[in-house]
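Working from the sequences, and respecting the hints, build out all of it.
2 protein chains.
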Amino acid sequence: MLEWLALFGGTAAGGVTRLLYTDAWSEAQHALKHVMQQKGLDVRFDAVGNLFGRRTGVEEPESIILTGSHIDTVQEGGKFDGAYGIVASFIAVQRLYDQYGAPKRTIDVVSLAEEEGSRFPLTFWGSGFMTGRYSLDQAASIYDQDGVSLKDAMEKAGFGAKPMPVGQNKPKAFVEVHVEQGIVLERKKKSIGIVSHIVGQRRYTVCFKGESNHAGTTPMSMRKDAVRLMAEWVLFVSVEAERMDEALVATVGKVCASPNMPNVIAGEVECSLDVRHYHEGMLNRFEEKINEFKERAASSGMGMTIQRWMKIQPVAMDEGMMEMAARQAERLDFSFETVVSGAGHDAQVFGEYCPTMLLFVPSRNGISHSPDEWTEPEELEKGIQLLMCKLYALAYV
Amino acid sequence: MLEWLALFGGTAAGGVTRLLYTDAWSEAQHALKHVMQQKGLDVRFDAVGNLFGRRTGVEEPESIILTGSHIDTVQEGGKFDGAYGIVASFIAVQRLYDQYGAPKRTIDVVSLAEEEGSRFPLTFWGSGFMTGRYSLDQAASIYDQDGVSLKDAMEKAGFGAKPMPVGQNKPKAFVEVHVEQGIVLERKKKSIGIVSHIVGQRRYTVCFKGESNHAGTTPMSMRKDAVRLMAEWVLFVSVEAERMDEALVATVGKVCASPNMPNVIAGEVECSLDVRHYHEGMLNRFEEKINEFKERAASSGMGMTIQRWMKIQPVAMDEGMMEMAARQAERLDFSFETVVSGAGHDAQVFGEYCPTMLLFVPSRNGISHSPDEWTEPEELEKGIQLLMCKLYALAYV
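Residue numbers (this note's numbering), protein chains in the order written: chain A, -14 to 382; chain B, -14 to 382.
Just so you know, the hints here were simulated from the structure itself, not pulled from any lab data. Keep in mind that a hint or two might mislead.
All copies of an identical chain are treated as equivalent in the list; a pair is satisfied when it fits inside any one copy or across any two copies.
Think about it this way: if two alpha-carbon atoms lie no more than 25 angstroms apart in a straight line, the pair counts; the simulated SDA-like pairs of lysine to any residue are [as the list claims (entries may be wrong)]: (1) Lys194 x Asp357; (2) Lys173 x Ser285; (3) Lys194 x Glu255; (4) Lys194 x Ser355; (5) Lys141 x Gln130; (6) Lys194 x Pro244; (7) Lys274 x Ala232; (8) Lys274 x Ser206; (9) Lys173 x Met205; (10) Lys173 x Ser197; (11) Lys173 x Pro204; (12) Lys296 x Ala232.
What follows is the structure, given as structure tokens:
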């Protein structure tokens, strides 16, 4: 089913490019709708194109258990990120129905419209719309890089109509399975990751200002070399992150020196800093720590600015559901690990809205957002089985 | 005279752009020729457009003392680099003639065609042609960025004809004055730099290969972060250079990370390394030292390559002329310092061909290759006076 879904937006390199409201995206959503219908689910789209396939509960139809993930991909992404969560939910719900008939409570399989932020400069458009973080009105002022507004793209794809065709009760729970996009499960040889938190993220732009000078005529002792100061900073940040907490990650991924010539001492360097942890307090402490480096820059006669341009709060997953998942994994004899998600997921939007659980299966070599994304079929199957247990507990008993 | 010369190729920003064989270059050389003629010098161009203004010696006309510098500039350069050496030589020779009449030995004031390498991918075209490093035949296979060959550009400017119009005996000596393009004289409050050596240069491209990974999902302990390795390298190189010798300079001026995104651990970094010193042995020892870092890279599971793509030998200036210049500067009561030139100069080409001397005057804030180039008129005058002493000793006694 993943291979089939990957045909919509499939690329020559074996990847998938399925950006929000493009033809590939529309075809995928409508193909999924068709498959859901064939299996007897009640299908509908909401105003932004989130697709729901409903198995209505026979005792408490108003109680909704929501499960799924996102249908969009990054440019030249893989076959698993997002798609696996939709497919796993669809299969789990189908198997439960085949085995136990209709649930007591309603289960909605959801194929969320957008999570990646690959076409428009916003993320979580699908889950954000469902949970009230975004409204339709915002779509008119958001543009893709070709100058197309989110509103126009949405309407061209057949959505965006007000009023919404069908309402959606607030779910009792949201359950998502996803590929890890990291190497922890693989390295620790675990089949399942039970996510305790989705990390908070802070991103900074850090500028170092020295003096651009001739590489030949300026003695080492007379230099104000912005590349050298940047190098000290990178090591400072890395060592402090390691020292402060095992779960803290700090990354300088982008470095731009100026004038960036072999024979000129760089007068300026701009670099990025990405910091993530699951406790807001830790992120605050680290921010204080990195600001201490400014003194070191000043003492060498150089300038330094640190500008924060992103601050996303950590989100905790539901503890009761986590514990239940651990007991179920033990019963199934699946190896598992409680993990923190260092990447963003729809579950972090739902996590602030309703009880939410996020499960991971391993990613080979930790690779994601690439045609090389891969998870072994037996690991995919374990994710589905644990999800079945979970949905059974939530919707059938 | 410098302000007048700066009119040829003058820019809106107050700088000078006078690239080899452009109209601005031709107009400058022909204007200089005209001025030299007016003062009674015998003028001629050689086959590549080096301009000579000759004061023929009355006793040993075949003995030639050559003095001058280059007429070309970098893109948006200053009014002093090169031009000062031509103007100083012209004025010194004129004053000597006014005071003492014709010299015993012949003095040629030379305005060299090219030194900077700003238009074509070669440097020292003027002095290199005079000393046999380059021949006319090479000009057909060297192109500027618009695809114009050096040969075509040269012919369009009226040069390149074989045989050469007039021969040139090997000079007895070459004497050049130039702005320092560095901050040493200014910091040490010296008026004159007597250059002992022009440094050797080596340039390397250094590549670090780690693993590109998700900045959120990869714990610090599982990373192979090429930016972090590069940072360790920059500090290693800087500290080792400082430790090894005061006159050694090592510069990482260019840094390119890949994929260079804030939320991705860089899998690769490529950076430059520029190393300069006046002793070949020191450059060899430093090259051995930097290769030791490869082990450190390997021990952290990462790859590293160091590729040398430039190797220029150090060149010593004539010791006798240096000593004489020091005595003359003392007599004139000019503060002076024996210095090493960290930048390349025509004197390094002549230094391998005939006894050569290079004198510096200070550069304000060490700035060169910029419209902000500046040297105080009284410092320019001191350079001319010392050059006069020098030429008097070489050509009149």
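Checking Lys194 and Pro244: alpha-carbon separation at most 25 angstroms within a copy, between copies, both or neither?
both (12 angstroms within a copy, 24 angstroms between copies)
Same-copy or cross-copy closeness of Lys141 to Gln130 [CA-CA at most 25 angstroms]
Within one copy, since 17 angstroms is at most 25 angstroms while 46 angstroms is not.
Can you give me the call for Lys194 and Asp357, within, between, both or neither, at a CA distance of at most 25 angstroms?
between (40 angstroms within a copy, 19 angstroms between copies)
Is the C-alpha distance from Lys274 to Ser206 at most 25 angstroms within one copy, between copies, in both cases, or in neither?
between (28 angstroms within a copy, 20 angstroms between copies)
Treating 25 angstroms as the Cα threshold, decide for Lys194 and Glu255: within, between, both or neither.
This pair counts as both: shortest intra-copy Cα distance 9 angstroms, inter-copy 22 angstroms.
For the identical chains here, do Lys274 and Ala232 meet the 25 angstroms Cα criterion within one copy, between copies, both, or neither?
Within one copy only: 16 angstroms inside a chain, 36 angstroms across chains, cut-off 25 angstroms.
Within, between, both or neither, where Lys173 and Ser285 count as close if Cα-Cα is 25 angstroms or less:
Result: close only across copies, 20 angstroms inter versus 44 angstroms intra.
Checking Lys173 and Pro204: alpha-carbon separation at most 25 angstroms within a copy, between copies, both or neither?
Answer is between; shortest inter-copy Cα gap is 13 angstroms, intra-copy 50 angstroms.
Up to 25 angstroms CA-CA - Ser197 versus Lys173, copy category:
between (47 angstroms within a copy, 20 angstroms between copies)
Under a CA distance limit of 25 angstroms, which applies to Lys194 and Ser355: within one copy, between copies, both, or neither?
between (36 angstroms within a copy, 19 angstroms between copies)
Status of Met205 relative to Lys173 across identical chains (alpha carbons, at most 25 angstroms)
Between. Shortest inter-copy distance 15 angstroms satisfies the 25 angstroms Cα cut-off; intra-copy 46 angstroms does not.
With identical chains treated as interchangeable, where does the CA-CA distance between Lys296 and Ala232 reach 25 angstroms or less: within a copy, between copies, both, or neither?
Answer is within; shortest intra-copy Cα gap is 18 angstroms, inter-copy 47 angstroms.
The structure shown violates none of the earlier numbered hints.
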